[in-house]
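Participant: Taking the hints into account, I'd like the entire structure generated from these sequences.
2 protein chains.
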Amino acid sequence: MLSNHLQNGMETAKLIWSRLPNSEVEADGIAAGDFSRIKKDDGSTVESLDYEVIENYAYRQEQAKRGKVYMAYSVVVKWLMALLIGIGTALAAVFINLSVENFAGWKYSWTFNLIQKSYFAGFLVYTLINLALVLSSVYIVTQFSPEAAGSGIPEIKGYLNGIDTHGILLFRTLVGKIFGSIGSVGGGLALGKEGPLVHIGACIASMLGQARSTKYHLRTRWLQIFTSERDRRDLVTCGCAAGVAAAFRAPVGGVLFALEEVTSWWRSQLMWRVFFTSAIVGVVVRTAMAWCKSGKCGHFGSGGFIIWDISGGQEDYSFQELLPMAVIGVIGGLLGALFNQLTFHIAYWRRNYLHKRGNRVKVIEACIVSLITSLISFGLPLFRKCTPCPEADANSGIECPRRPGMYGNYVNFYCSDKEYNDLATIFFNTQDDAIRNLFSAKTIHEFSAQSLLTFLVMFYSLAVVTFGTAVPAGQFVPGIMIGSTYGRLVGMFVVNFYQKLNIEEGTYALLGAASFLGGSMRMTVSLCVIMVEISNNLKFLPLIMLVLLISKAVGDAFNEGLYEEQARLRGIPLLESRPKYQMRNMTAKEASGNQQVVYFPRVVKVVDVLSILRSNNHNGFPVIDHSRSGETLVIGLILRSHLLVLLQSKVDFQHSPLPFNSRDGPVPISRHNLTEFVKPVSSKGISIDDIHLTPDDLEMYIDLVPFLNPSPYVVPEDMSLTKVYTLFRQLGLRHLLVVPRASRVIGMISRKDLLIEDHEDTTTIELQSTSVRDHQNDRRMPRRKDAEQPLLDGLIV
Amino acid sequence: MLSNHLQNGMETAKLIWSRLPNSEVEADGIAAGDFSRIKKDDGSTVESLDYEVIENYAYRQEQAKRGKVYMAYSVVVKWLMALLIGIGTALAAVFINLSVENFAGWKYSWTFNLIQKSYFAGFLVYTLINLALVLSSVYIVTQFSPEAAGSGIPEIKGYLNGIDTHGILLFRTLVGKIFGSIGSVGGGLALGKEGPLVHIGACIASMLGQARSTKYHLRTRWLQIFTSERDRRDLVTCGCAAGVAAAFRAPVGGVLFALEEVTSWWRSQLMWRVFFTSAIVGVVVRTAMAWCKSGKCGHFGSGGFIIWDISGGQEDYSFQELLPMAVIGVIGGLLGALFNQLTFHIAYWRRNYLHKRGNRVKVIEACIVSLITSLISFGLPLFRKCTPCPEADANSGIECPRRPGMYGNYVNFYCSDKEYNDLATIFFNTQDDAIRNLFSAKTIHEFSAQSLLTFLVMFYSLAVVTFGTAVPAGQFVPGIMIGSTYGRLVGMFVVNFYQKLNIEEGTYALLGAASFLGGSMRMTVSLCVIMVEISNNLKFLPLIMLVLLISKAVGDAFNEGLYEEQARLRGIPLLESRPKYQMRNMTAKEASGNQQVVYFPRVVKVVDVLSILRSNNHNGFPVIDHSRSGETLVIGLILRSHLLVLLQSKVDFQHSPLPFNSRDGPVPISRHNLTEFVKPVSSKGISIDDIHLTPDDLEMYIDLVPFLNPSPYVVPEDMSLTKVYTLFRQLGLRHLLVVPRASRVIGMISRKDLLIEDHEDTTTIELQSTSVRDHQNDRRMPRRKDAEQPLLDGLIV
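Residue numbers (my numbering), protein chains in the order written: chain C, 78 to 874; chain H, 78 to 874.
Do not rely on the hints blindly, as some may be mistaken.
It does not matter which identical chain is meant; a pair holds if it fits inside one copy or across any two.
Below, a list of computed lysine-lysine pairs in the DSSO-like style, where the Cα atoms sit at most 30 angstroms apart [claimed, not checked]: (1) 519 - 370; (2) 616 - 370; (3) 495 - 462; (4) 577 - 370; (5) 519 - 616; (6) 577 - 519; (7) 495 - 519; (8) 616 - 577; (9) 657 - 829; (10) 657 - 155; (11) 829 - 666; (12) 155 - 194.
Simulated from the structure, these hints should not be mistaken for laboratory data.
Facilitator: The following block contains the structure:
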């Protein structure tokens, strides 16, 4: 047992030792206790984040120091950050696109040239280039940045939901993601670069906000205003939006994606900044593309960057078409849900069996997938007969067959002049071009149903198998490929069925793409806007909306969205927006369980701190003190991470078991820089094993008052868990104290108590000043006089 | 003094009488005390709303009764509601547009015909038709539905922020808004129909959700699931989005408008439904227009419904253009802020001086404004010289002069053949057509700078004067008019300055429109999407974004947004999204002020209830009780409105001062229908004057336990007001109890305590079931066994 001396030699506080449940590490599960650090089987860990601004004495002191100038400065820095995030993400996107387009361009032009002489030589070169690119990608990922594998969206979603997966926002992850994406996308695998770009945006944002590196011993003082998890979260939100805006050239879609898909909270001030970031991305990407148009960037310029302009397509739609469109929605929901289910099972198997055997297995796996992909995409079109070109239509401006090395429809592959291979048009092509071909208008009957079906089955299987290999991989482009294929199939039937109507197959391909993404990712508004922005056609907005609604509803009947499934698989415990049904019948007390609470007294012995921290893995501890009348009071919450900082720095140790008194010397907190208490992003922070204390140190005391959060959010014990959940999630909390019912009410706060006028805004006040308002101002304006004094000095007897 | 018998004859609770500040009514101010009912000078009142679901015993009992079938039924009804809101709002929009276009069409064709013979006869007919339309509008509004005046957006914004302005969502308001809009817009005033359409959508939503009318004695049982303010708020949100979607044919813009501008909270489940409503609106409006295209709807069909297609315009933009575009942003910010300031002062003057003189003054005012508008719009073009038509360009398809009775550019007014009047083209035209002309591409030098400047000054003045007359009035279309005029002016200078570039004046007009709306309304994302959707051109998205950002930033330097200014003027106390700076140094206790709390004991005498309700205007009262050990405990919060229902129904009166015991008879709450406790929307609910009690009744008792909210949100007394504000606003609260610091902590809730698996979802659990998760489920799953028992029976000794 520990003995704790309380101030003034009052009675020893009885520390209630917690009967902790097993705090061991479980594979993919959630460790009991707090999420102080959960190791997973692959060595990665996740940690809860606290988005509440901890208003301890240090924070208040820092705030007090900040004048108007500082506030203006901080606003300027925040906007500058948004600007830099936008520029950085846009440049990364341009670099990736430029590289991918050039690699793919060289690959296809070499192959086409060789095919004229020998199929086998062509196949060999094609396969080897793909293999080399994929190999470089998987090598970078496995050797250098394991966190760069996959799309990264589930992890970013987790981060913004309040769960930090270690290593997800580091510089090495950024580098691995950029170069890995180039390899995996350039290597022709059935994956896209859009998910990784979102991750890249988030990494850039996080690094800019950090503006220092513990590893590389870099520090800038001027950016230390981003000291709370909340500021960092805001930056990462901007980064996400920038990523989507850059990936799809869809600025509004980016804002909405950040809003709908990744964040669990929202502030309208932030929207304003996210919006700015997206606009900057739009301008920078456009400028870069305009610069490249003159041919300075090799193959990049004419192709690349997914904008599938279908504005030349169908002008209008009629009522009869609503039924086939609904059918597309249903197919999308079914295939999307199936995709989620299959990828979940395969990814589960990979994590638990295959990838446990080490990096070599991951490399071999990626290479095998690459070989299979090359074989199928080169081999299948060979079995397909050539189709004679349709009669030339001068107005459409579409050449058949297209000239070698150019982008466009009607790839002739091995066919003779005036012929083309419809399977090669979609299979033996970059994915961006394939989608452009599928979406293309005025090309009725370009594809045969047989080719489309073959492609659908093969590509769907490839996408499922590729998902989860150790390379950066997005699911947007494969999803659009799959969806537009069956969409075009349905479109072909509709064209045959309603021969009188002016129907374009490309429109149905667009709706198919929307339906598959809706059925798999379950986004609505953001996906809809993204689809509209990439297809550059507003006419079908209501149709896209309806198709999305149907496919999401069908998909929801089977399983969760792709990102939620993957987050669960990776042990990222997301809090959903809706509380569970059974929470209605539970109370806060029941939810907090049998676990007993570990208290700290206000002044605590160092040895006791150490042994409490060692003996459990809680992350926050209530601190109690005694009032003048001897009554016990909860005076705040102290975080494990802050205690570790205090133990490591040792400057706050004192010999006396009496609480700190300002007459004794300088205020303790002034010995610290506020940033010391902030955990570096995505790192593990200080561990208890890093702390080395002498026996003398152990006998000293710490007064915790300056370092604790004096007013954590509390809920009464019998509050319904639904309400607790809402509170917890909406405010982005990490801890919530469950307290007994109050014995009295000190006051009631209603709306009028929160309406305080800004005094700067004198003109408007003048008009409004009624007696009540003035009275209210008089009553409320006195600022806390003791703002410079420790908050809880009143407790010192 | 009142004496209160507590249960078991325990000691009398000391009721602390509040020293209430003056609860009198102040003109436009905020009454002290709670917002139980604030009368304003014009006789309207506002009231706070509580969006927290009050989980009293009645609610829990209702929940317990609801099985799976009921849940499914409620989901179906909610979606059905969304569908009906969409259809209803779309039909209202079509009706308004159809009427306006026809009235305006007849008006202009008659006038044009008469002009050929006599200017004066033409002017007379024009003026009289305008006057008649405006008169009908102002008559409907003043006599029938005073709440229909203005745009309604500030009130709807207030409603969704938690403030109910009485009468704002009634049937008569809906009717007045629809017919009033037709008159005011058809009468050619400088106002639009878009704001009113948002209000109309909200009214339709609210009425559908209510599905009963106390006034007309209608009741439907099947829709009584919308029993909480929160459900109704969700419906109104859908209605808002539907209104914008219908007004601008901008479904995504509607969703974003509801999200950004009007709601202060957001749930992603709701987004899904809002999205559906918008999509339905899009489909219905499109269908109606397709039906009208064949000429079945008179003048409606070719014109009407603002979609200003500028897709034929400028293809690209160059860097040199960014400077003039930024200039447009700055002008927009300045003119927008000036507009807000002028309208605020004029509206203030109107409310406090002019409109106090009764309805006759309002009618005369509107008529005078109508006469001035007619005079200016007919007279000014007469002073303008005719311009010869430009050389015909066969490709552009634009006729000069346009044929009489048609829509288009180059109005010839009084000019001869091959000539047109540029001022008449924008002034003597419906506003939709004028905007179409200003946005039009391939019409360089159509307008002279002199005409545009004249129009800008005159129309700006008209818009300022018209704003605030007693007719339904939106500010979107006037804003677009003003903005596109100076935008086109800037465009003309740019065309002259950069003669080499391919620049369209219409593009600058579009940017100008965006900048003025941004400078006045201060929306960003939603406005941007609306502008893109109405101009049907995605290419200028980043430019619109940047212009909006600049104009909003410039405007923010001067004053608040238009809706916030107007809400303030109307005494609607909106809680802004950002807490005020000085709140950082205040605590919850300071905010709740000196006002002392009025408690109720658990079992209270009827006469005491009555006298407490009479003696103050608080809206919620804490209820206290004594535990077994004699300690006082706060057991919940009872609302004034619920107490009034209890007093009126009398069924819960009991003779004994002992608390209710289930052995004595039926559970009290089962004598009530849950809907009895819900205040009908936008009505004043039961007043204390409606209650008539006999002397016998007064001597009886009520046990409050079944009717109180057992777990209102609480904050500790020294929590920073910033945190309190966030909590209050994010959760949409009406009351927050300030309690003393807790003496102990019962438990801590962290993320893991809130992760409860759904048991239905067996397949995924199977994969995930680690020992911990199972263990957690075991521990947490026991539902409250006494769910059928009153919650606080444990307190009965």
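Participant: From the Cα coordinates, with 30 angstroms as the cut-off, is the pair residue 577 and residue 370 best called within, between, both, or neither?
Facilitator: So residue 577 and residue 370 pass the 30 angstroms test across copies only (20 angstroms; inside, 41 angstroms).
Participant: Could you figure out if residue 155 and residue 194 sit no more than 30 angstroms apart (CA to CA) within one copy, between two copies, both or neither?
Facilitator: neither (59 angstroms within a copy, 66 angstroms between copies)
Participant: Within, between, both or neither: how does the pair residue 519, residue 616 come out at a Cα-Cα threshold of 30 angstroms?
Facilitator: Intra 17 angstroms, inter 23 angstroms, cutoff 30 angstroms: intra and inter.
Participant: Between residue 616 and residue 370, at a C-alpha cutoff of 30 angstroms, which is it: within one copy, between copies, both, or neither?
Facilitator: Both ways: residue 616 and residue 370 sit 28 angstroms apart in one copy and 17 angstroms across, limit 30 angstroms.
Participant: Taking 30 angstroms as the upper bound on the Cα-Cα distance, should residue 657 and residue 155 be classified as within, between, both, or neither?
Facilitator: For residue 657 and residue 155, the Cα distance is within 30 angstroms only across copies (19 angstroms; inside one copy 37 angstroms).
Participant: First find the shortest C-alpha distance between residue 519 and residue 370 inside one copy, then the shortest across copies, and answer within, between, both or neither for a cut-off of 30 angstroms.
Facilitator: So residue 519 and residue 370 pass the 30 angstroms test inside a copy (26 angstroms) and across (26 angstroms) alike.
Participant: How would you label the pair residue 657, residue 829 (within, between, both, or neither) given a Cα cut-off of 30 angstroms?
Facilitator: Between copies only: 14 angstroms across, 34 angstroms inside.
Participant: Since the copies are identical, ignore which copy is meant and state whether residue 577 and residue 519 lie within 30 angstroms (CA to CA) inside a copy, between copies, both or neither.
Facilitator: Classified as within; 16 angstroms inside a copy, 35 angstroms across copies.
Participant: If the cut is 30 angstroms between Cα atoms, do residue 616 and residue 577 qualify within a copy, between copies, both or neither?
Facilitator: Answer is within; shortest intra-copy Cα gap is 21 angstroms, inter-copy 33 angstroms.
Participant: Within a copy, between copies, both or neither: where do residue 495 and residue 519 come within 30 angstroms Cα-Cα?
Facilitator: within (18 angstroms within a copy, 40 angstroms between copies)
Participant: How would you label the pair residue 829, residue 666 (within, between, both, or neither) given a Cα cut-off of 30 angstroms?
Facilitator: between (32 angstroms within a copy, 14 angstroms between copies)
Participant: From the Cα coordinates, with 30 angstroms as the cut-off, is the pair residue 495 and residue 462 best called within, between, both, or neither?
Facilitator: Only inside one copy: residue 495 and residue 462 sit 13 angstroms apart there, 62 angstroms across copies, limit 30 angstroms.
Violated hint for the displayed structure: number 12, the only one.
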